[in-house]
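Chemist: Quick note, the sequences are listed as chains A and B, same order. Residue 41 in my numbering sits at position 41 of the first sequence, and the numbers go up by one each step. Residue 185 in my numbering sits at position 185 of the second sequence, and the numbers go up by one each step.
Treat the hints with care, since some could be wrong.
[Said to hold, decoys possible] Computed beta-carbon distance windows for the label pairs:
1) Gln91/A with Asp128/B: 38 to 46 Å
2) Arg7/B with Asp61/A: 41 to 49 Å
3) Arg124/B with Asp79/A: 50 to 58 Å
4) Asp43/B with Gln91/A: 40 to 48 Å
5) Lys93/A with Gln59/B: 17 to 25 Å
6) Asn69/A with Gly34/B: 55 to 63 Å
7) Gly93/B with Gly35/A: 35 to 43 Å
8) Leu50/A with Arg124/B: 49 to 57 Å
9) Ala63/B with Asp61/A: 40 to 48 Å
10) Ala205/B with Glu90/A: 28 to 36 Å
11) Ala208/B with Asn69/A: 35 to 43 Å
Derived by calculation from the structure, the hints in this document are not laboratory data. Quick reminder that beta carbons are idealized off the backbone N, C-alpha and C, glycines included.
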Amino acid sequence: MTSQTSNDKQNPSLEEVSNTLAKMIADKMDIDQVGIKPESDLQELGLDSLDTFDIIFNAEDHFGIKVPNDQVKITTLHDVAVLVHQLILEQNK
Amino acid sequence: MVNSSHRQRVVITGLSVVSPLGNTLADLTLNAFGGNSGIKRLDAPFVEQLNCKIAAQAQFDPAEHFTKHTYSMLDRTSQMALHTSNEAIKDAGLVIDETLKPRMGVFLGTGMGGAHSIEDGYIRLYRDGANRIKPFTVLMGMYNASASAIAIEHQLTGPNQTFSTACSSSAVAIGEATRLIRHGYVDVMLAGGSEALLTYGSIRAWEALRTLAEEDADDLSASCKPFSDDRTGLVLGEGAAILVLESYEYAVARGATIYAEIVGYGAANDCHHITQPSVTGQAATMQAALNDSGLAAEAIQYINAHGTGTKLNDTTETNAIKKVFGAHAYDLSVSSTKSMHGHLMGAAGALEAIITTIAVNNDQLPPTINLKHPDPECDLDYVPNVSKTLPRLEYAMTNSFAFGGTGAALILKKVNE
């Protein structure tokens, strides 16, 4: 899905996580990644709750994390990136 | 408003297919009446692992019709159904306004629903050792996903139901939709079926039933040979076929072009055996359709047979036709177009209803191809190998029978006015 290296996957920066998620969203929604900003509201990009589940599912696979059900919400790209990044850090502890 | 005291006439005003014989009515007509087979070597990465390497595949690329976001959330069966419904609405010249939306519904048939999605999930779990599968698996695999996608696309708030009676599923869907219009519950229905079961697992399951045809040594496209003594079985197919049905009054009021009228629908279960058909059950199905139409058996001029190309089906159906039609069985014509398009399972009845509609429109009977060595036990006119003209083809029947025993027969009438 992305060209991330294994090192990127294991210890990515918040920006790298955000970029990876943006690529996933662009691929799924068939839109230009350039238009996806950290502050972009996922709903406004056309994602519904099921689309978000799909993105989270792919992110879980990609980064080897597990996002708890109660934290899967439609918010901005930045919010999702922070959540995923936090889970990666916790996992790497 | 429900008006059950006055029986509405039900007419066919739109047709569309994704089929092994083409994805336009022009191609379907050319091939089904030209005796061209859509049976080929299966184009799939796992083909070499199979014993049966032939199938009647539809040439359908969802990317040509939908955005990636849309098609990636639909199983192949729903992709084909949604595209076919869009084209059927266009073919009918139907404008779906706010008044029509609650008066229009969708009845579809499917035998195995989202087979590709279910199998993809199992591959991930059991072969690849993953401990979870994609979030859309339930939504893509469920049998009513196609009908739901169509309703959402066109905002059709009328009745939306999915029928699963194996090989008769879409004939049942058309028949039940006909009844809904006839009794005034709705004005317009999208009715038909969709099937996409050419997966490794389901083909293996069919192989185990020992009903699949062997490859013809000289011409693999000639491997399905209904009513022929050298038959070896059926050929699996895939596709979607959807009809626009509406009340005659609604069609006339909007100036629609009418292809044909549905004047009879009969359904019955043979209660005999999970796979073996019975003369009694098949005859009861055809008789029920005749009773529904009020026609004498002698009125029927052509029957599009279920005609799978198995010995048991061919002889049972032939004897059932004789039981219902008596001496007239030898006057009417019967053909199995499955010899060309294979067995589309849950979409078979609808595809054959569309071919029968075209027959009634054109006074032309599609052939049973590959009928080179007539089975002595099958001694009716099966329109062998080449189509034939039947001037003033007024009434035709199309039969669908099924594993599980549910038979369905539809009677179509030419509309002259």
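Chemist: Next step is simple, just say for each hint if it's right about the structure.
Modeler: Verification of the supplied hints:
| no. | hint | in the structure |
| --- | --- | --- |
| 1 | Gln91/A with Asp128/B: 38 to 46 Å | violated, 22 Å |
| 2 | Arg7/B with Asp61/A: 41 to 49 Å | violated, 57 Å |
| 3 | Arg124/B with Asp79/A: 50 to 58 Å | violated, 29 Å |
| 4 | Asp43/B with Gln91/A: 40 to 48 Å | holds, 43 Å |
| 5 | Lys93/A with Gln59/B: 17 to 25 Å | violated, 53 Å |
| 6 | Asn69/A with Gly34/B: 55 to 63 Å | holds, 57 Å |
| 7 | Gly93/B with Gly35/A: 35 to 43 Å | holds, 38 Å |
| 8 | Leu50/A with Arg124/B: 49 to 57 Å | violated, 18 Å |
| 9 | Ala63/B with Asp61/A: 40 to 48 Å | violated, 24 Å |
| 10 | Ala205/B with Glu90/A: 28 to 36 Å | violated, 45 Å |
| 11 | Ala208/B with Asn69/A: 35 to 43 Å | holds, 40 Å |
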